[in-house]
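Chemist: Listed here are the chains, written in short residue letters.
Protein chains: 2
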Amino acid sequence: MILIQGGTIVPVVSPPVEEGYILIEGSKIKKIDRGKYQGKDYKTFIDAKNHIIMPGLINTHTHIPMTFFRGIADDLPLEIWLKEYIWPLEAKFIKPDFVYYSSLCGITEMLVSGTTSFCDMYFFENEIARACEDAGIRGFITPGVLDFPTSSFKTPRDAIAKAENFIKNYMKHPIIHPGIAPHSTYTCSLDTLKKCKEISEKYNTIFHIHVSETKKEYEESLKKHGVSPVKYLHNNNLLYENTLAVHSVWLDDEDIELISQKKAKISHNPESNLKLGSGISPVKKLLEQKVRVSIGTDGVASNNNLDMFEAMRITALLHKGINLDPSVLNAREVLKMATLYGAECLNFREIGTLEEGKRADIIIIDIEDISTIPFYDPCSAIIYSLNSRQVKYVIVNGKLVVEKGEIKTVDIEKLKKIAKEYRERIKNAI
Amino acid sequence: MILIQGGTIVPVVSPPVEEGYILIEGSKIKKIDRGKYQGKDYKTFIDAKNHIIMPGLINTHTHIPMTFFRGIADDLPLEIWLKEYIWPLEAKFIKPDFVYYSSLCGITEMLVSGTTSFCDMYFFENEIARACEDAGIRGFITPGVLDFPTSSFKTPRDAIAKAENFIKNYMKHPIIHPGIAPHSTYTCSLDTLKKCKEISEKYNTIFHIHVSETKKEYEESLKKHGVSPVKYLHNNNLLYENTLAVHSVWLDDEDIELISQKKAKISHNPESNLKLGSGISPVKKLLEQKVRVSIGTDGVASNNNLDMFEAMRITALLHKGINLDPSVLNAREVLKMATLYGAECLNFREIGTLEEGKRADIIIIDIEDISTIPFYDPCSAIIYSLNSRQVKYVIVNGKLVVEKGEIKTVDIEKLKKIAKEYRERIKNAI
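In order, the protein sequences belong to chains A and B.
Each number in my numbering comes from the position in the first sequence (counting from 1) with 689 added on.
Each number in my numbering comes from the position in the second sequence (counting from 1) with 689 added on.
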């Protein structure tokens, strides 16, 4: 058993508890209470005095194997970025070994900055799963499906078969949660989308898809299908509880109404949407319609980091600014987006809050730090002031993976060496 | 002499130099070159292998004595925030001892996160100057002037006399650069504004003023003066080279034209403008008109931290997003805003770039870190991916003030203790 004693517990579903403790048994939270734990039956003790104890952050959209492409092509129009940089590099480099190490690099960055779960859309899913298991992060891994061939599959039929196989292999896994990810309505035929939906329903797993990211996508859908991307999904019965619609920047009021009615979920990726010049999702309206909006970073080729504290802060600030209203998306709401709503968006309600019986996915943050002096309110510190480097301990599924700010499960020096080797090859290929 | 050897030098005015060195003599940069320094005449050696060496960041708008109010009142409308929280707390707490320690706390946060200069608007300027000298940061300190009484002065005449006295005392100081700060056009009479301008011209120092922060301010200026705040300043000969107009969110095209013509300067504070729901400054247009736009954090009561890397990132992302164009405000431009343009905005051109003969205000950043692996391009890393905690060495005016990430000039434990005492008193007063 692990005992976390002292500090301010932020359960998310209930008010903060000052000076309490959390007892972890196996993969779960056994007990949370005020005061001091009196038993002696724990093996590991974490002194959390002057720390915040909160659920690990949930990043609901990444392309984690792209981490080695961090910052190779900034400040470019989407078309040039994709066609002249990303796609040629992917064609050249995306192979199992690259996927494993590039994922491991991104996963390490996520863990040390307080993210305990992420939802990924990419290929070579087995390599990503291996990196998750080795590093000890919770991975919602949704193999990508496209109508054109990639280095991982030749046809959408292949891709779907691979995804189904992956789901079967991992559906009972403690930290790997498989799903399926048709890339978008403009890269997947209706037939492909429907087959992916069948798999999603059959295994009750998420249907992870980019939706209405750019104005161009929205307008081309109108031209091609006569309706918006959201209505196209809806008309074809593809908008449902397990649909995780990523980006969703270009939504009209009817789209928002449909998403709300069908209880589809949203992954809001503000940094990527800003950086690529895609626009700003109407998150205020979505939340007002009771839509579950979670937060994602997107891949580092369009962000360029995986820091969820930064993503939360930008979410909180941005929607106040564009709505000219400082009360929009308050700290408590944004904290929920990155924890509780993340869990709901990923259809796995055993995480995202600190409650007895839930999985022990917990982060512990030092608040006696120059960025949070003086310390008044935990939600305010989490959303508006702290630096992700103040995360000192990270526990995933009951296992301590970050201790005193250092990752315990990954050989960092080896990873740096491999990253440098790939960097040289990538630099020569640009 | 200090020798910084190895690493990637980012001079800002010229392309990065890989594997070079910088020699510092006294307060200035004596030599910058490629390769290895062959002399032995240095006293301090900094191994900058796998580091970026760049000019210290310049934060052009703060209210540093408010640091102890960090996060006391978030997510509130401006009026309630000011009238129910900030002003009553200021009336109760703003005294010399508070100003010194609260400033020292903010200055420490700035130094460890790579800011070497800041421009402050507040009262008890001698205490702020003392905190700057003790911590070793470059302070552009501009005493605030208002038409109503504060705990520091009774009348605007008093305030202006104090400011002039402060300017006289510090105008030859190596790291304290005095100026004057009429608060705004709605809190200072025309007479007050004109007297401040006289002082600014007499001593060739900056005229630091909040301008057109909110829609309300813009509309009330139209109602009261028949023109926008910018045109009101212009019509009264108050818009000139030394004018540092802070926020400048609500600008029409004529305002931008006037600012450009008169070579007035702008401090853009994106986080504060978003958080308070003020709006978004038309920075793209300002830069297109060759206006010098620098970056500020504002005080921590409306941000809530002083991290200029975060402020740069949000600046770079925000304007791409609202202009739907990923090529707007590229990494190199934003880096200039926080360095070279900052120096120009503060009318002190001896900082902001790395060049022989300039002041040695330098920061050294570890890039062998999980947030910047792999590392391709220094500007991309600086603007889009790195964490401010990667700053390892900070030199201001030739003096090493941060070493291995730790502040050398401030007794942190004592500061924490004092911050906690004030926190208890402030909590009881809210």
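Check the hints yourself; a few may be wrong.
For chains that are exact copies, the list does not tell them apart, and a pair is met inside one copy or across any two.
[As the list claims (entries may be wrong)] Taking lysine-lysine pairs in the BS3-like style, the calculated list, with each CA pair at most 30 Å apart, reads:
#: 1; residue 1: Lys725; residue 2: Lys1106
#: 2; residue 1: Lys717; residue 2: Lys857
#: 3; residue 1: Lys1088; residue 2: Lys1105
#: 4; residue 1: Lys974; residue 2: Lys904
#: 5; residue 1: Lys1109; residue 2: Lys738
#: 6; residue 1: Lys1081; residue 2: Lys1116
#: 7; residue 1: Lys905; residue 2: Lys973
#: 8; residue 1: Lys738; residue 2: Lys1097
#: 9; residue 1: Lys913; residue 2: Lys974
#: 10; residue 1: Lys912; residue 2: Lys951
#: 11; residue 1: Lys719; residue 2: Lys1105
These are computed hints drawn from the structure, not numbers from a lab.
Chemist: Next, verify each hint and record whether it holds.
Modeler: Going down the list of hints, with the structure as the test:
Taking the shortest Cα distances, Lys725 and Lys1106 sit within 30 Å of each other only across copies (25 Å), while inside one copy they are farther apart (45 Å). When the C-alpha separation of Lys717 and Lys857 is checked against a cutoff of 30 Å, the pair qualifies only within one copy, where the shortest distance is 24 Å, while the shortest distance between copies is 66 Å. Taking the shortest Cα distances, Lys1088 and Lys1105 sit within 30 Å of each other inside one copy (24 Å), while across copies they are farther apart (32 Å). Taking the shortest alpha-carbon separations for Lys974 and Lys904, both the intra-copy value of 18 Å and the inter-copy value of 22 Å come in at or below 30 Å.
Taking the shortest Cα distances, Lys1109 and Lys738 sit within 30 Å of each other only across copies (15 Å), while inside one copy they are farther apart (39 Å). Only between protomers do Lys1081 and Lys1116 lie at most 30 Å apart by alpha-carbon distance; the minimum there is 27 Å, versus 34 Å within a single protomer. Taking identical chains as interchangeable, the C-alpha atoms of Lys905 and Lys973 lie at most 30 Å apart whether they share a chain (23 Å) or sit on different chains (23 Å). In this homomeric assembly, Lys738 and Lys1097 come within 30 Å of each other (Cα to Cα) both inside a single copy, at 22 Å, and across copies, at 26 Å.
In this homomeric assembly, Lys913 and Lys974 come within 30 Å of each other (Cα to Cα) only inside a single copy, at 27 Å, whereas the closest approach across copies is 35 Å. Only within a single protomer do Lys912 and Lys951 lie at most 30 Å apart by alpha-carbon distance; the minimum there is 24 Å, versus 48 Å between protomers. Proximity of Lys719 to Lys1105 under the C-alpha cut-off of 30 Å is found in neither arrangement, the shortest distances being 38 Å within a copy and 35 Å between copies.
Of the hints listed earlier, the one the structure fails to meet is number 11.
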